Amino acid sequence: DAGVIQSPRHEVTEMGQEVTLRCKLISGHNSLFWYRQTMMRGLELLIYFNNNVPIDDSGMPEDRFSAKMPNASFSTLKIQPSEPRDSAVYFCASSFGDRPKHFGDGTRLSIL
Amino acid sequence: AQKITQTQPGMFVQEKEAVTLDCTYDTSDPSYGLFWYKQPSSGEMIFLIYQGSYDQQNATEGRYSLNFQKARKSANLVISASQLGDSAMYFCAMREGANTGFQKLVFGTGTRLLVSP
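Protein sequence lines correspond, in order, to chains H and V.
The first sequence begins at 1 in the numbering used here and counts up by one.
The second sequence begins at 1001 in the numbering used here and counts up by one.
Just so you know, these hints were derived from the structure itself, not from any lab.
Keep in mind the model is a prediction, meaning the values are calculated, not measured.
Each residue gets a CB set at the ideal place from its N, CA and C atoms; glycine is no exception.
Warning: the hint list may mix true and false statements.
List time: in silico SDA-like cross-link candidates among lysine to any residue, alpha-carbon distance up to 25 angstroms [said to hold, decoys possible]:
1. V:Lys1070 <-> H:Val89
2. H:Lys24 <-> V:Lys1073
3. V:Lys1104 <-> H:Ala67
4. V:Lys1003 <-> H:Arg22
5. V:Lys1003 <-> H:Pro100
6. V:Lys1073 <-> H:Val89
7. V:Lys1016 <-> H:Met40
8. V:Lys1104 <-> H:Met60
9. V:Lys1070 <-> H:Arg22
10. V:Lys1003 <-> H:Thr13
11. H:Lys24 <-> V:Val1106
12. V:Lys1104 <-> H:Ile26
13. V:Lys1073 <-> H:Pro100
14. V:Lys1104 <-> H:Arg41
15. V:Lys1104 <-> H:Asp105
16. H:Lys24 <-> V:Ser1041
17. V:Lys1016 <-> H:Asp105
18. V:Lys1104 <-> H:His102
19. V:Lys1104 <-> H:Val53
20. V:Lys1104 <-> H:Glu62
21. V:Lys1104 <-> H:Thr13
22. H:Lys24 <-> V:Lys1070
23. V:Lys1003 <-> H:Glu44
24. V:Lys1104 <-> H:Asn30
25. V:Lys1003 <-> H:His102
26. V:Lys1070 <-> H:Thr13
27. V:Lys1073 <-> H:Arg41
28. V:Lys1104 <-> H:Arg22
29. H:Lys68 <-> H:Thr13
30. V:Lys1070 <-> V:Ser1041
31. V:Lys1104 <-> H:Ile55
32. V:Lys1003 <-> H:Lys24
33. H:Lys24 <-> H:Thr38
Selected chain H positions facing chain V (in silico; Cβ < 7 angstroms) [unchecked claim]:
34. Gly42
35. Leu43
36. Phe74
37. Pro100
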């Protein structure tokens, strides 16, 4: 079975540019999570969806960040405009019910 | 207050020995789940083991076992017969609440394990 698929694996861009991170859920999973990992703050939950509906976006840093789930198997996390402090590894994870969460391989984002 | 506490920033162990990675948690919810993840240097997050708060027995998965002490609110990960490939960051995480399909996990700060030959 295919796992959670994230793209791109690496992104380097200049500050001010729009960045779009993509995530494909495991088939059959109904919950989708975006995490950000930095050395300073560890793993932080940004937002999570259940059945395509955003449940908790309290972890989203500011209005520059937005996340969507246009269908049951796909999500995007957009940063516009990007800033150097957004540099981090962004993980997408999916789950169903009480089963353990499965993570994608992450997107390593560097904003210059 | 920290929900998940991992007090060991780094641990060293020799190959083939057992190692225990500590994790304590804080919750007033009677229903919760505890997870351990491994993050090797390549960066991906790999699920290792899960313990539910109502599980009667300690979880085991191959060389991984979870020493669940509910009264002490600890969920230590035990890796038996360490291998060089076990060198990685290890994260403890907790899900609070009954099974609602909302799997909001809170992570600890991690422990870096280094296995030496």
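Each hint tested on the structure:
no.	hint	result
1	V:Lys1070 <-> H:Val89	violated, 33 angstroms
2	H:Lys24 <-> V:Lys1073	violated, 35 angstroms
3	V:Lys1104 <-> H:Ala67	holds, 17 angstroms
4	V:Lys1003 <-> H:Arg22	violated, 29 angstroms
5	V:Lys1003 <-> H:Pro100	holds, 19 angstroms
6	V:Lys1073 <-> H:Val89	violated, 30 angstroms
7	V:Lys1016 <-> H:Met40	violated, 33 angstroms
8	V:Lys1104 <-> H:Met60	holds, 14 angstroms
9	V:Lys1070 <-> H:Arg22	violated, 39 angstroms
10	V:Lys1003 <-> H:Thr13	violated, 35 angstroms
11	H:Lys24 <-> V:Val1106	holds, 22 angstroms
12	V:Lys1104 <-> H:Ile26	holds, 17 angstroms
13	V:Lys1073 <-> H:Pro100	holds, 20 angstroms
14	V:Lys1104 <-> H:Arg41	holds, 17 angstroms
15	V:Lys1104 <-> H:Asp105	holds, 19 angstroms
16	H:Lys24 <-> V:Ser1041	holds, 23 angstroms
17	V:Lys1016 <-> H:Asp105	violated, 28 angstroms
18	V:Lys1104 <-> H:His102	holds, 13 angstroms
19	V:Lys1104 <-> H:Val53	holds, 14 angstroms
20	V:Lys1104 <-> H:Glu62	holds, 20 angstroms
21	V:Lys1104 <-> H:Thr13	violated, 30 angstroms
22	H:Lys24 <-> V:Lys1070	violated, 36 angstroms
23	V:Lys1003 <-> H:Glu44	holds, 13 angstroms
24	V:Lys1104 <-> H:Asn30	holds, 13 angstroms
25	V:Lys1003 <-> H:His102	holds, 21 angstroms
26	V:Lys1070 <-> H:Thr13	violated, 47 angstroms
27	V:Lys1073 <-> H:Arg41	holds, 24 angstroms
28	V:Lys1104 <-> H:Arg22	holds, 20 angstroms
29	H:Lys68 <-> H:Thr13	holds, 22 angstroms
30	V:Lys1070 <-> V:Ser1041	violated, 32 angstroms
31	V:Lys1104 <-> H:Ile55	holds, 10 angstroms
32	V:Lys1003 <-> H:Lys24	violated, 29 angstroms
33	H:Lys24 <-> H:Thr38	holds, 22 angstroms
34	Gly42	holds, 5 angstroms
35	Leu43	holds, 4 angstroms
36	Phe74	violated, 19 angstroms
37	Pro100	holds, 5 angstroms
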